[in-house]
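Asks: Numbering (this note's numbering), first residue to last: 2 to 98.
None of these hints come from the bench; they were simulated from the model. There's no promise every hint is true.
Claimed, not checked - Label pairs and their calculated CB-CB ranges:
hint: 1; residue 1: Val82; residue 2: Pro24; range: 29 to 37 Å
hint: 2; residue 1: Thr34; residue 2: His58; range: 18 to 26 Å
hint: 3; residue 1: Pro67; residue 2: Ala31; range: 14 to 22 Å
hint: 4; residue 1: Thr19; residue 2: Pro61; range: 15 to 23 Å
hint: 5; residue 1: Arg46; residue 2: Pro87; range: 29 to 37 Å
hint: 6; residue 1: Pro87; residue 2: Arg25; range: 24 to 32 Å
hint: 7; residue 1: Arg29; residue 2: Gln66; range: 16 to 24 Å
hint: 8; residue 1: Pro24; residue 2: Pro87; range: 24 to 32 Å
hint: 9; residue 1: Arg25; residue 2: Arg80; range: 28 to 36 Å
hint: 10; residue 1: Asp81; residue 2: Asp23; range: 25 to 33 Å
hint: 11; residue 1: Asp81; residue 2: Pro24; range: 31 to 39 Å
hint: 12; residue 1: Val44; residue 2: His83; range: 13 to 21 Å
Quick reminder that beta carbons are idealized off the backbone N, C-alpha and C, glycines included.
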Amino acid sequence: MIAGQDYHYERRYSNMGTLTLDPRGSYRTANGTGSFRGEAGDVIRLTSGPFAGAIGHLQPDRSGQPAVYFERDENRDARDVHIVAPQRTSCTVARGN
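Turn these sequences into a full structure, and let the hints steer you where they fit.
Replies: Structural data, given as structure tokens:
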């Protein structure tokens with residue numbers, strides 16, 4: 002944050018629509034299914050399906066609930082095209098609108 006600059010949050014919708022991780026290593030989104038694996042620390046890597054190659058970080062959101070964050074610079078394919086979304090995005094526990 003820069004002194005004097007207002008800080009705000011934006012809601013950005015993920016191209017995944019939804020994300021469900023199964024403890025056996027599969028994931029499901031509104032746009033397809035695939036596999037994932039856990040890596041060092043809080044990292045997961047989606048290894049197959051429509052989002053293969055995406056890297057997510059398992060971290061609590063602002064409310065303390067579990068979330069998966071996908072950073073923009075970690076989620077580009079060999080052509081430099083975004084895998085999950087063009088900006089940082091997250092998938093959180095479902096909430097009422």
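Asks: Are the hints correct? Go through all of them and say.
Replies: Verification of the hints:
1. Between Val82 and Pro24, the C-beta spacing of about 30 Å keeps the proposed range 29 to 37 Å intact.
2. At about 21 Å, the CB distance of Thr34 to His58 agrees with the hint of 18 to 26 Å.
3. Distance hint check for Pro67 and Ala31: the Cβ-Cβ separation is about 19 Å, which falls inside the suggested range of 14 to 22 Å.
4. Checking the proposed 15 to 23 Å range against Thr19 and Pro61 shows it holds: the Cβ atoms sit about 19 Å from each other.
5. Separated by about 20 Å at the C-beta atoms, Arg46 and Pro87 break the suggested range of 29 to 37 Å.
6. Distance hint check for Pro87 and Arg25: the Cβ-Cβ separation is about 31 Å, which falls inside the suggested range of 24 to 32 Å.
7. Hint check: Arg29 to Gln66, Cβ distance near 19 Å, so the stated range 16 to 24 Å holds.
8. The hint said 24 to 32 Å for the Cβ distance between Pro24 and Pro87, and at roughly 30 Å that hint holds.
9. Distance hint check: the CB atoms of Arg25 and Arg80 are about 31 Å apart, consistent with the given range 28 to 36 Å.
10. Here the CB-CB span from Asp81 to Asp23 is close to 31 Å, well matched to the stated 25 to 33 Å.
11. Under the hint 31 to 39 Å, the C-beta atoms of Asp81 and Pro24, about 33 Å apart, fit the expected range.
12. Distance hint check: the CB atoms of Val44 and His83 are about 18 Å apart, consistent with the given range 13 to 21 Å.
In this structure, the one hint that does not hold is number 5.
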